[in-house]
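Visitor: Chains L, P, U and G are the protein sequences, given in the same order.
Per our numbering, the very first residue in the first sequence carries number 13; after that it's consecutive.
Per our numbering, the very first residue in the second sequence carries number 13; after that it's consecutive.
Per our numbering, the very first residue in the third sequence carries number 13; after that it's consecutive.
Per our numbering, the very first residue in the fourth sequence carries number 13; after that it's consecutive.
Hints in this document: simulated from the structure, not taken from any laboratory.
Heads up, some of the hints might be wrong.
Since copy identity is lost for identical chains, a pair holds within one copy or between any two.
Cross-link-like lysine-lysine pairs, in silico, PhoX-like; alpha carbons within 20 Å at most [said to hold, decoys possible]:
1) Lys141 / Lys234
2) Lys323 / Lys141
3) Lys272 / Lys323
4) Lys324 / Lys148
5) Lys14 / Lys36
6) Lys146 / Lys232
7) Lys232 / Lys19
8) Lys164 / Lys347
9) Lys141 / Lys19
10) Lys328 / Lys146
11) Lys148 / Lys232
12) Lys350 / Lys175
13) Lys36 / Lys168
14) Lys350 / Lys272
Protein chains: 4
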Amino acid sequence: MKKYSFKNDYSEGCHPNILEALIKTNLDQQNGYGYDEYSEEAKELIKREINDSNADIHFVSGGTQANLLVISSILRPHESVVSAETGHIFTNETGAIEGTGHKIHGIVTEDGKLKPEHIQSVLDTHTNKPHQLKQKLVYISNSTEIGTIYQKQELKELYEFCKANDLYLFLDGARLGQALTSEINDLTLEDIANLTDVFYLGGTKNGALLGEAIVITNDKLKEEFGFHIKQKGAMLAKGRLLGIQFLELMKDDLYFDLAKHSNVQAMKIKSAFQNEGFEFLSETFTNQIFPILNNSQIEKLSEQFDFYVWKKIDDKRSAIRIITSWATSDEVVEKFVKGISNI
Amino acid sequence: MKKYSFKNDYSEGCHPNILEALIKTNLDQQNGYGYDEYSEEAKELIKREINDSNADIHFVSGGTQANLLVISSILRPHESVVSAETGHIFTNETGAIEGTGHKIHGIVTEDGKLKPEHIQSVLDTHTNKPHQLKQKLVYISNSTEIGTIYQKQELKELYEFCKANDLYLFLDGARLGQALTSEINDLTLEDIANLTDVFYLGGTKNGALLGEAIVITNDKLKEEFGFHIKQKGAMLAKGRLLGIQFLELMKDDLYFDLAKHSNVQAMKIKSAFQNEGFEFLSETFTNQIFPILNNSQIEKLSEQFDFYVWKKIDDKRSAIRIITSWATSDEVVEKFVKGISNI
Amino acid sequence: MKKYSFKNDYSEGCHPNILEALIKTNLDQQNGYGYDEYSEEAKELIKREINDSNADIHFVSGGTQANLLVISSILRPHESVVSAETGHIFTNETGAIEGTGHKIHGIVTEDGKLKPEHIQSVLDTHTNKPHQLKQKLVYISNSTEIGTIYQKQELKELYEFCKANDLYLFLDGARLGQALTSEINDLTLEDIANLTDVFYLGGTKNGALLGEAIVITNDKLKEEFGFHIKQKGAMLAKGRLLGIQFLELMKDDLYFDLAKHSNVQAMKIKSAFQNEGFEFLSETFTNQIFPILNNSQIEKLSEQFDFYVWKKIDDKRSAIRIITSWATSDEVVEKFVKGISNI
Amino acid sequence: MKKYSFKNDYSEGCHPNILEALIKTNLDQQNGYGYDEYSEEAKELIKREINDSNADIHFVSGGTQANLLVISSILRPHESVVSAETGHIFTNETGAIEGTGHKIHGIVTEDGKLKPEHIQSVLDTHTNKPHQLKQKLVYISNSTEIGTIYQKQELKELYEFCKANDLYLFLDGARLGQALTSEINDLTLEDIANLTDVFYLGGTKNGALLGEAIVITNDKLKEEFGFHIKQKGAMLAKGRLLGIQFLELMKDDLYFDLAKHSNVQAMKIKSAFQNEGFEFLSETFTNQIFPILNNSQIEKLSEQFDFYVWKKIDDKRSAIRIITSWATSDEVVEKFVKGISNI
């Protein structure tokens with residue numbers, strides 16, 4: 013029997029509603045390339061949610077693809093992007109952004125979040141034009157790659173700084189659902205749309221088989237995006253597959269319910285660790301937690317469960333990463349909580 | 013009620029076996045990024061079919077993606093690719109190949125197929141090195157974009173020419189199933205693997221929701237392909253989605269049965285047109301046919317069915333394109349055949 | 013003793029005035045990167061010549077560099093350029109343009125010149141957006157790579173067509189001097205500036221050691237060009253070297269005098285061939301001529317002179333290319349003319 | 013009257029020997045594109061100097077061009093380069109390297125020099141293949157951008173580390189002459205050739221009008237380099253201009269004499285500052301020095317001389333940069349030294 017895995021939030025297939033919809037619609041003939049009725053409907057639901065009927069929405073298959081598409085479509089050859097060094101694009105996408113010709117200025121942060129002063133420091137050290145690049149885009153993630161989230165005031169200040177400095181703001185929302193349903197969150201999806209120029213809503217890590225919904229709200233960035241999707245090999249012939257999934261996810265708040273579920277399960281586990289007196293690498297309120305265990309505790313826990321040993325603290329202790337998903341059941345959480353009290 | 017569409021072979025969802033497999037496997041936890049058990053099994057089935065246990069196989073989501081991945085991973089910056097002007101990469105993929113930095117030398121052909129003399133003519137007019145590019149790769153499609161197929165002898169001669177001239181041969185198999193099950197075909201999948209350096213097996217146009225299986229048989233081209241997949245945004249977190257589909261398609265020859273079905277349906281329609289004395293733009297034996305009708309016949313037929321008017325012949329007549337798929341039922345073919353006799 | 017070479021127009025160094033100016037200015041300290049006083053002065057002279065004080069002018073070292081800089085700075089990733097198949101960028105620059113990510117649509121022409129109907133044919137066969145590229149730029153050369161030149165009416169019609177179709181027009185002027193001083197020319201440099209969006213004035217093939225002057229007249233294309241120059245490695249630390257040369261060339265019409273000289277020398281040779289009854293591959297009025305000789309005549313002539321055998325006509329005859337330069341002396345022309353009458 | 017400038021080492025033209033050679037050779041007809049006799053001879057002299065008759069040598073016009081050519085010709089799309097953050101390619105070439113598709117991993121150093129442990133730290137944090145890039149090339153400069161130089165033992169250790177880790181080592185020698193003639197240097201040009209895979213010898217900053225000599229000693233990197241030169245627009249039609257210059261510079265050690273002269277002049281100024289008790293931002297032994305002055309001293313000195321204020325130390329003091337060249341005369345140094353004692 014396989015051990016239950018807390019290694020990531022894309023270990024299972026998809027929410028059953030999606031499978032049902034795939035069966036129900038299977039033989040219905042539809043236009044290709046995203047012009048199917050399901051995609052159109054799904055876009056309408058998202059537009060309603062963000063209260064912007066003029067937004068441009070495009071469904072693509074994954075996060076790296078969304079990132080490289082958005083960034084390469086916006087920047088001219090001499091323009092660059094600013095990101096936290098923990099940002100997914102910086103070292104976890106095999107140079108996808110540089111592969112399209114653009115430098116990423118990496119910034120060391122405490123919590124994975126960018127602040128205006130971070131961006132300002134890059135601007136200040138790149139004044140020797142045209143020998144130095146022109147910074148044009150800021151990339152952030154919410155929730156971040158280390159599980160933290162932006163507060164409304166933080167995002168507002170960042171966006172105002174960007175506008176004041178002629179920079180676009182792009183938000184990677186691979187785990188946006190988890191961010192927006194975190195217990196400490198004060199942002200809505202509409203806020204996200206208002207406080208960025210472009211963002212995406214992650215499906216892959218929140219109940220879909222695959223799919224991210226790129227939402228472009230800044231008119232200047234909308235033009236001719238379809239060409240880029242096709243050129244980068246990101247246009248599915250059967251775009252219906254993406255449309256059907258987002259249609260199901262956006263119906264009746266399923267998207268947010270699934271994300272909330274994953275957060276709740278993680279928080280239960282966090283409490284269990286806290287109750288036993290464990291410390292954490294960072295304080296998170298989404299579906300990722302990083303408790304610090306000693307080596308024998310890690311060994312014991314890993315007899316029953318799979319997870320990543322994330323960072324060595326010292327010779328005796330390491331932080332592990334526990335990540336939950338829309339599919340993490342109460343049973344498995346209870347079993348894991350029991351496992352914690354046993355170590 | 014919608015008209016039945018013969019516009020393309022990706023209007024429906026997927027073969028029911030795939031949906032069943034998705035349901036059955038849905039909550040099984042699997043590794044991400046193509047390291048799941050289904051992908052492994054599917055690769056084994058393909059290797060068995062081509063009788064090459066050392067082949068490298070990678071599943072990606074679509075044809076343009078497969079084309080740009082294969083070509084950009086092989087070529088160095090100063091190397092170019094030769095293709096028929098009807099080749100899909102030449103003008104139908106928004107410059108995806110040039111977007112990765114490489115020129116395509118386009119060749120005018122009669123039937124969409126490349127012959128050694130075509131390639132030779134490019135080599136002959138590019139001898140002024142290093143002011144002219146180094147040709148390094150030949151791209152062909154089977155079946156071609158205009159429905160024709162390669163005979164074994166033709167492919168053999170082409171591959172021998174390529175090897176003699178230090179050129180790689182890459183076969184786009186978006187509709188390879190249809191080619192290999194055409195009534196005039198004399199090639200097997202094993203032949204395809206033996207007579208090319210790399211090819212792909214199309215799923216999207218033959219019963220899958222999405223997916224192409226890139227098969228690399230030349231050892232020199234295998235190395236580090238995974239980096240390219242990730243860099244180009246083509247690596248699905250839930251690679252299981254592709255694995256499950258190819259596993260179902262490769263079981264019990266389903267892949268070939270579906271392709272054959274689409275061919276048979278097209279040939280029935282072809283016969284019906286022939287019986288009524290219609291001519292064709294080109295003689296095809298796969299799932300695409302190009303009958304020439306007069307304008308009033310086109311108008312009449314389009315009252316009941318959707319299809320593309322492909323090419324104007326003269327003021328009175330045009331060729332239309334009728335394309336069938338794994339999902340084209342006998343009923344709809346009969347209805348269409350009746351429609352033909354009525355015009 | 014070396015044979016005199018008519019192989020190309022860049023076999024010698026540079027006009028003596030340039031050497032004198034280099035000596036005279038040698039120890040004068042100047043700003044780097046094109047901000048020296050000589051470059052500024054040279055730009056002023058060119059602006060005066062084209063009667064456009066708002067033009068942006070940049071000096072770079074060669075033609076391929078000018079071409080790739082201009083084209084890659086203008087086009088977004090999904091945009092393409094249209095060129096004659098004889099255009100220098102199409103097959104003689106090692107894929108420099110595709111290397112920056114852009115397709116060149118090649119057009120077969122009779123005389124190396126593009127007409128509106130040529131461009132229209134490309135637009136007509138690329139209407140399936142976004143699956144096909146967006147054409148955005150037209151590239152022409154004057155004089156063309158085969159020695160022909162544009163008449164004012166032709167250029168006017170082409171530019172009007174471009175403007176009507178939202179296309180930019182870029183003129184490669186590697187041999188613009190020769191074009192504008194041809195006996196059949198009716199264009200001025202000011203006309204060139206008025207009837208294109210951007211062009212360059214070639215120095216390398218007209219008396220400079222190196223250097224082309226890119227002239228941007230369309231405001232939309234001016235912005236931030238300097239970044240591109242630096243990024244592509246085309247910005248010389250000692251930009252004075254380019255400035256000094258163009259300053260000398262633009263003084264007292266030296267640029268035009270040198271070009272005219274090369275034309276006149278070629279025309280003398282052309283007459284000599286005509287007088288002897290020879291035919292030509294194409295009728296040219298600039299510094300390139302393509303007389304057709306039989307094999308023994310070619311052999312005899314090549315005992316004394318170097319030149320390229322350009323194109324085989326039949327088993328007995330080939331066209332040769334004779335190209336003259338600013339440095340081709342009367343003595344050598346006379347000697348060559350005598351050589352002709354001896355064969 | 014203009015103030016004398018210590019702003020950089022490319023403010024003047026070139027060494028008079030070069031001008032004389034240009035005059036002497038001016039009307040001699042030569043092959044284009046680097047196949048002239050002068051280039052051939054110059055290459056022979058360099059090969060003799062490094063004692064490697066199999067080295068491949070290519071002359072190009074500038075440092076950024078040399079850097080992007082070498083790096084982009086070596087790396088495949090998924091490979092990256094490691095550099096000090098002070099490295100010229102990191103932020104001073106407008107993203108030229110990223111523009112060719114490759115990430116630069118920047119390393120914070122104390123003195124601008126890379127050590128094996130720096131590279132190891134990058135390797136250690138990029139083990140998650142293929143999601144992270146493959147490091148393949150190490151870029152260093154000698155002298156560095158902040159005036160420091162490598163000792164033989166340091167370079168040896170670095171190169172051994174590179175070889176042990178399947179990394180190429182590329183040395184940017186824009187100021188290699190200055191490094192090799194520094195009073196603390198213990199490396200020869202032959203050592204440089206033996207302890208790197210490819211390097212270049214800078215002409216622009218050491219007495220040439222323009223030109224860098226790329227020297228490839230590793231056989232694997234030699235193949236087909238000419239294609240890259242042409243594709244990137246770096247191939248001069250009149251390659252003679254580069255050949256003649258390097259021929260003059262390599263004759264009778266002129267190259268080293270000029271570099272030594274620039275060092276000696278800088279060291280005289282350094283002594284003068286030291287004698288007056290000034291401190292320095294970093295200890296350098298080449299042609300760049302960074303004395304720390306208070307604001308009124310800076311103001312006073314700048315009445316007579318031009319230089320860059322390099323880095324603010326505190327509200328009262330800044331480091332300035334004084335850079336000397338092959339052309340800096342004894343007179344101007346004496347005048348400057350007097351200026352120092354007056355402040």
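Visitor: Hint by hint, say whether it matches the structure.
Guide: Hint by hint, here is what the structure shows:
1. In this assembly of identical chains, Lys141 and Lys234 lie within 20 Å of each other by CA distance solely across copies; the values are 15 Å between and 28 Å within a copy.
2. Taking the shortest Cα distances, Lys323 and Lys141 sit within 20 Å of each other only across copies (18 Å), while inside one copy they are farther apart (40 Å).
3. When the C-alpha separation of Lys272 and Lys323 is checked against a cutoff of 20 Å, the pair qualifies neither within a copy, at 27 Å, nor between copies, at 51 Å.
4. Taking the shortest Cα distances, Lys324 and Lys148 never come within 20 Å of each other, neither inside one copy (36 Å) nor across copies (27 Å).
5. In this assembly of identical chains, Lys14 and Lys36 lie within 20 Å of each other by CA distance solely across copies; the values are 17 Å between and 32 Å within a copy.
6. For the homomeric pair Lys146 and Lys232, the shortest alpha-carbon distances inside one copy (18 Å) and between copies (18 Å) are both at most 20 Å.
7. Within a single copy, Lys232 and Lys19 get their C-alpha atoms no closer than 39 Å, and across copies no closer than 34 Å, so neither meets the 20 Å cut-off.
8. Proximity of Lys164 to Lys347 under the C-alpha cut-off of 20 Å is found in neither arrangement, the shortest distances being 36 Å within a copy and 60 Å between copies.
9. When the C-alpha separation of Lys141 and Lys19 is checked against a cutoff of 20 Å, the pair qualifies only between copies, where the shortest distance is 17 Å, while the shortest distance within a copy is 45 Å.
10. Proximity of Lys328 to Lys146 under the C-alpha cut-off of 20 Å is found in neither arrangement, the shortest distances being 46 Å within a copy and 31 Å between copies.
11. For a Cα distance limit of 20 Å, the shortest separation of Lys148 from Lys232 qualifies both inside one copy, at 13 Å, and across copies, at 19 Å.
12. In the homo-oligomer, the alpha carbons of Lys350 and Lys175 never lie at most 20 Å apart, since the shortest distance is 50 Å inside one protomer and 51 Å across protomers.
13. For the homomeric pair Lys36 and Lys168, neither the shortest alpha-carbon distance inside one copy (42 Å) nor that between copies (45 Å) is at most 20 Å.
14. Taking identical chains as interchangeable, the C-alpha atoms of Lys350 and Lys272 are never at most 20 Å apart, the minima being 22 Å within one chain and 56 Å between chains.
When the structure is compared with the earlier hints, violations turn up for hints 3, 4, 7, 8, 10, 12, 13 and 14 and for no others.
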